[in-house]
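Trainee: Let the sequences and hints guide you as you build the complete structure.
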Amino acid sequence: MNEVKIKRSILARLIPRLTSLTRRGPSGWMIIVGIVIVSALVIMTVIGPWVSPHDPSAILVGPIRASPSLQFPMGTNHLGQDMLSRILCGGSIMLQVAAFSVLICFIIGVPIGLFSSYVGGFFDSTCSLVIDALYAFPGLVIAIAIAAMLGPGVINMALSIAVVYIPSYFRIVRSQVLSIKELAYVEAARAAGSKWHTILFRYIFPNVIPSIVVVTTINFADAILTAAGLTFIGLGVAVDIPDWGWDLTKGRELIASGAWWVITFPGIMIILLALGFTFIGEGLSELQNPKLQR
Amino acid sequence: MEKIELSIVVLVLIGIIVSSGTMYYTTTVMSNLSTLTSDVSTLTENVLNLTSTVRDLATITGTLAEAMGEFTETLTDLEARLAAIEASLAAKAKETLIVGTTDSVEATLDPAQAYDYFGWCILQQIAGTLVSVKPGSITGTDFQPELAVSWNRSTDGKIWDFTLRQGVMFPDGTEFNATHVKYSFDRAINLIPSIPDGAPASLGYDQIINRTEALSRYKVRFVLKDAFGPFLGIMACRSSAIVDPAYAPMAQVNYTSGDPRGSTAAAFVAPYYLSEWDRVGDKDIEIRLDKNPYYWNATSGYPKTKTIIFRFYRDFSTLRLAVEAGDVDMAFRQISAIDALDLEDNPNVKVWWGSPGAPLQMLCFQENHAPFNDSRVRRAIAAALNRTAVCVTLFPGLANPTYSMVPPGMLGHTEAFKKLGDLNYTLTRSLLAELGYDETNKLKFDLWYESSGHYPLSAEQALMLKQQIEASGVIEITLRPADWVSYRANRNAGIMDVYIYGWYPDYFDPDDYVFLYWGPWLNLHYDTWSPAAYAEQLALYNEARYSANTTLRVELYSQIEDISVEQCSIVPLYLMPPWAVTKRNVKGVVLDITQDMRYWLIYIGD
Amino acid sequence: MGLRSYIITRILLTIPTLLLLLTMVFLIMRVLPGDPVYLHFEKKATPEQLEQMRRLLGLDKPLLMQYADYLLGLVDFGYFLQHGYPNLGKSMQNYEPVGRQIFSAFPATLELAIYSMIIASVMGILLGVISSKSYNSVLDHLIRGFGTIAYAIPVFFLGIMFQLIFGVHLHWLPTGLRINPNVQPPAQITGLYTIDSLLEGNLFKFFESLKALLLPSLTLGIILSGMFIRLTRTNMLETLRLDFVTAARARGLKESTVTYGYALRNAFLPILTMMGLQFAMLLGGAILTETTFSWPGLGSYIVTRINYRDYTAIQGAVVMFGLFVTLVSLVVDILYAYFDPRIRL
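Protein chains in written order, with this note's numbering: chain A, 1 to 294; chain B, 1 to 606; chain C, 1 to 345.
Everything labelled a hint here was simulated from the structure, so no lab data went into it. Don't take every hint at face value.
Unchecked claim - Capping the alpha-carbon separation at 27 Å, the derived lysine-lysine pairs in DSS-like fashion look like this:
hint : chain 1 : residue 1 : chain 2 : residue 2
1    : B       : Lys134    : B       : Lys583
2    : C       : Lys61     : B       : Lys94
3    : B       : Lys587    : B       : Lys291
4    : B       : Lys283    : C       : Lys43
5    : B       : Lys94     : B       : Lys225
6    : B       : Lys134    : B       : Lys304
7    : B       : Lys283    : C       : Lys211
8    : B       : Lys225    : C       : Lys44
9    : B       : Lys225    : C       : Lys43
10   : C       : Lys61     : B       : Lys583
11   : B       : Lys283    : B       : Lys134
12   : B       : Lys225    : B       : Lys158
13   : C       : Lys44     : B       : Lys283
14   : B       : Lys225    : B       : Lys583
15   : B       : Lys134    : B       : Lys158
16   : C       : Lys61     : C       : Lys44
Stated by the list, open to error - What follows is a set of in silico ranges between Cβ atoms, one per label pair, in the way DEER data are often shown:
hint : chain 1 : residue 1 : chain 2 : residue 2 : range
17   : B       : Thr388    : A       : Ser69     : 19 to 29 Å
18   : C       : Arg265    : A       : Pro53     : 34 to 44 Å
19   : C       : His141    : A       : Leu272    : 14 to 24 Å
20   : B       : Val392    : C       : Gly145    : 40 to 50 Å
21   : A       : Val213    : C       : Leu81     : 48 to 58 Å
22   : B       : Glu276    : C       : Gly145    : 44 to 54 Å
23   : C       : Ile11     : B       : Glu276    : 55 to 65 Å
24   : A       : Leu272    : C       : Arg249    : 34 to 44 Å
25   : C       : His171    : A       : Ser69     : 28 to 38 Å
26   : A       : Glu182    : C       : Ile11     : 25 to 35 Å
27   : C       : Asn136    : B       : Val10     : 24 to 34 Å
Here a beta-carbon is modelled for each residue, glycine too, at the ideal position from N, C-alpha and C.
Mentor: Below you can see the structure in the form of structure tokens.
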């Protein structure tokens, strides 16, 4: 059978899907808003180094702790660094940490979940038990402990966050696979003699993807907040890399002396970024929830 | 919204209003008396109720003239009594000083083992030493008699005799005498520690003291292994505090919940005694010091405040907010420099500044890592520094750049490192050019800094240093953070190329500073790579250590510093002053070179 | 199966989970990079000093023996009865019993957790129900927006905003500590200042400790309520669409009865599970909140111990925490089975 493939650009394929979302009600709008926020922040961070008026790490480009003015729209911090430049460039660490942690979780959590629940039996029970035990660990504590022992750095932070999140992926994947496994068409495929990997990847996995995406977005949002928390404790990256988490931590020390701008702008950015991902996740989970259909 | 939700919301709102109203009421009524213990507050409450009841009665029976007369008499009587109570309560309020701090006793209050700033601070208020440094000291060596009234040193410097003060009583009635001194020092040397770091308290008494002898009831003799010059300095430190044998077995004494006397080995012969010590988890929650009724120097009027209560905060910002809100009378260690400068404008608080003294920041080079074994590289980096810029930007008006390992005011202070200059990029480039480094072939290395707040603003310092040094055009630096435990482990393992380090002295003598240039525990391998210079400095140091001739010592330390400028094994950067923030009515705070806070001098007055 | 057999099975299942948890903590602490003993010396330690410390902490014994000691220490009830805390080893910093440290820090965290949960659940459930009743209206969107934003705010950011506004500018509430520094804490009976001051009959102290509790619990409570709002809303929306609700309305019952008596009651179980889990999480110490408000609880304790690389203390704290969570999950699961017979099948 010949398949006629119509090649269209990615954007051309995406746009109708996005616009179709608007017809899905408020959940659809939430997803769009989330995507817009996240893309805007990502783009800002990527082009930041080129459009920022000053070098974000350069000291004393302006007076110390100057309030927002025309010259420094977001003011300066206690080192005289321009906050606007730091905001434009500061999201990269958080995004990197979040992206890496999601990647690690995905690579480890999803396959284990798939195999374990598909195979079932003793292997599945053992895996579940181990993951449940892992789930009982205090998340932030483990993240702090791992980050402290491995040292500062993007990969280490991502690793510490990932370890905490893998159980969630496992659980979601497993609950989905368990319900899909018993469906008629899977049984039919098995009866027709398909190999296990075909069943798993062709039939089961695509149906699991929507819930994985939801967990991923929540993971992203949480990773961002945890990265900020780790920096707050003192386990962040080196000081010459602009980072919203660092500005948040330092801003907290400065706010009592009246310099409200140092903590407010990075805080808003972090909240926006976490919000963006949360919106996407929320919207998607609502859309998928059949019980919410009128 | 439906009725039930509405009613719940309304109920919650009413509940909030009622409870906040009650809280506000209790706050405003009780706030005047909030500095007192609960017994006193309930007493006043009863008194207030009584006076208001009496007033009510007066208005009700106001028609009857005699009755009114009687009642107004009672009323004025009661009002007078109330005023008297309020006055005495106000006076009582001045008897307690609440101090907020972010410090905490690290491990123990056993003088033979404690080695942290706060542990020593508490020991200073409750324990006595043979001599102490005069409050307000600039040199750190003006000693005054404390438990010893006089002392003399043999000509060869190996024997020190102390004549002890008579009539100093322990709370249980025992009189302090030479046997207690001998026991304290023997114990310090032979202590069975419960902490892995081992006795004795990192001060190395076993290396200095050969033996202690009680010559007579009030005379004690120390026979030293060598003629150790700064012996009095050591005698003034908290590790030399006298212990009470009844509470000081040979095994280390640790915190016992609910038993402050049993939690320390120190003898209570000082202005205060430890009346309460509570820890939660691994940190202090409350320490309470009360006036020691048996203090031998009570006639001097010390302690000026009857009770000191320490409250412990987790970070600088919350402590600053507490001071601003008036929750504590005094905050010492730590309010951040920026907050302290900002609080100068606050009319309700007073900021006390000391002179830059003991805490010293320096730059260390690991000579096992090429090319740091070549002194030209070290000198090149030292020349590119801009100490003033760091001090002015990060600690405006506070920290002072220092060009000597010895703090100003102390004997042996020089301006040696000025020779290399600040911002001397020509020197940097020429020295590095000799080794083949230039714009196209930059010298690359890692600059490490401590990232968990052990030193103030260390990350910012590192950033500034990096930018200053890189401005020479021939150097490229990577910043590496590490938290305190890792930093210390890295130091011990010798894996950091260049790092910023701090020093806080045990006693105030150049002997405890100058040795930093080759400090063995810094593991910089200076002795391996510059053995001749090291040997020369060591010889000069030992000569100065065992000499009593001040002029000679000044000359010797100056020579050591000259060699250090050539070698740059370690480069001194800046000195920080201490500061404290108090309410306007707190007086008597003394911040001198010892960085000690003598709480018995402080009082609340108008 | 009956409720009783479900409970028994569930309890039996807890045992291997617990064992697994304890073993995992034990192993993790020993496979992490870095020699734990080496890191605890101020200066470079001699091999003898390292060996001495290992001996004092029992780290020189073979791994199996250490494991046995570890497990036996945990179930040593005699020790527990004698000291009031379990045998969790000695802190590497000063050899204090870890159990004593943890148990002394626990009440503060418990108090904070209780009040934060009260605020979070009351706010969350109420707002979630209101939001679900007026689906797609402006109110719904506002509440949902609030819920989503609340959960996205970093705790210390909100914390310091509250401290500044209510503590410094308005001077209504204290900015930190469990009680005003000028006030003597109540006599320790439960360790919870609010309860202890009531037991003491001292209303003044009760209000003072309540005031100090307010800001941290509000901070945590508001942030957590975000999640409860969304959860309640989703569950209520699902439940309100079900037939029995329509039937109840058709029978002429009051709307409030339908909402609270029927719908919420049925939607409540997943919320209860989440409440239980969140409470257990809070017991592990709301680390960032405790640091921001100088709250001397388990969270601050764990963080300082991690900073010190105090492996025994970290191990003890994680074990305690794991035990709490397992216990709470057990209780929640049993409650769930009690209320929803379908689970027992």
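Trainee: Are the hints correct? Go through all of them and say.
Mentor: Structure-based check of each hint:
Under the criterion of a C-alpha separation no larger than 27 Å, the hint pairing Lys134(B) with Lys583(B) is consistent with the structure, at around 25 Å. Between Lys61(C) and Lys94(B), the direct Cα distance comes to roughly 57 Å. Violation of the 27 Å bound is thereby established for this hinted pair. A threshold of 27 Å between alpha carbons decides the hint, and for Lys587(B) with Lys291(B) the separation of about 18 Å falls inside it, so the pair holds. Restraint check for Lys283(B) and Lys43(C): satisfied, since their Cα atoms lie roughly 23 Å apart, inside the 27 Å limit.
At most 27 Å may separate the alpha-carbon atoms for a hinted pair to count; Lys94(B) and Lys225(B) exceed this at roughly 49 Å. Between Lys134(B) and Lys304(B) the CA atoms are separated by roughly 17 Å; this keeps the pair inside 27 Å, and the hint holds. The suggested pairing of Lys283(B) with Lys211(C) holds, with an alpha-carbon distance near 23 Å, which does not exceed 27 Å. Between the alpha carbons of Lys225(B) and Lys44(C) the distance comes to roughly 25 Å, so the proposed pair stays at or under 27 Å and holds.
Distance check on the hinted pair: Lys225(B) and Lys43(C) sit about 23 Å apart at the alpha-carbon level, within 27 Å; holds. With a C-alpha separation of about 56 Å, the suggested pairing of Lys61(C) with Lys583(B) is violated against the 27 Å cut-off. For the suggested pair Lys283(B) and Lys134(B), the alpha carbons sit about 31 Å apart, so the restraint of at most 27 Å is broken. A C-alpha spacing of about 7 Å is found between Lys225(B) and Lys158(B), which places the hinted pair at or below 27 Å, so the restraint holds.
Restraint check for Lys44(C) and Lys283(B): the C-alpha separation of about 26 Å stays at or below 27 Å, so the hint holds. For the given pair, Lys225(B) sits about 49 Å from Lys583(B) by alpha-carbon distance, which is inconsistent with the 27 Å threshold. With a C-alpha separation of about 25 Å, the suggested pair Lys134(B) and Lys158(B) falls inside the 27 Å cut-off, and the hint holds. Annotation: proposed proximity of Lys61(C) to Lys44(C) holds, straight-line Cα distance about 23 Å (limit 27 Å).
The hinted window of 19 to 29 Å between Thr388(B) and Ser69(A) holds, with their beta carbons roughly 27 Å apart. Restraint check, Arg265(C) to Pro53(A): a C-beta distance of roughly 59 Å breaks the suggested window 34 to 44 Å. Roughly 18 Å separates the CB atoms of His141(C) and Leu272(A), a value that falls within the hinted 14 to 24 Å. With their beta carbons about 46 Å apart, Val392(B) and Gly145(C) fall inside the hinted range of 40 to 50 Å.
Checked against the hint of 48 to 58 Å, the C-beta distance between Val213(A) and Leu81(C) comes to roughly 52 Å, which is consistent with it. At roughly 50 Å, the beta-carbon separation of Glu276(B) and Gly145(C) lies within the given 44 to 54 Å, and the hint holds. For Ile11(C) and Glu276(B), the hinted distance range of 55 to 65 Å is not satisfied, since their beta carbons lie about 44 Å from each other. Separated by about 41 Å at the C-beta atoms, Leu272(A) and Arg249(C) satisfy the suggested range of 34 to 44 Å.
Judged by the Cβ atoms, the range 28 to 38 Å given for His171(C) and Ser69(A) holds: they are separated by roughly 31 Å. For Glu182(A) and Ile11(C), the Cβ-Cβ distance of about 29 Å falls inside the hinted range of 25 to 35 Å, so the restraint holds. A hinted range of 24 to 34 Å for the beta carbons of Asn136(C) and Val10(B) is consistent with their spacing of about 26 Å.
Consistency note: the structure conflicts with the earlier hints numbered 2, 5, 10, 11, 14, 18, 23.
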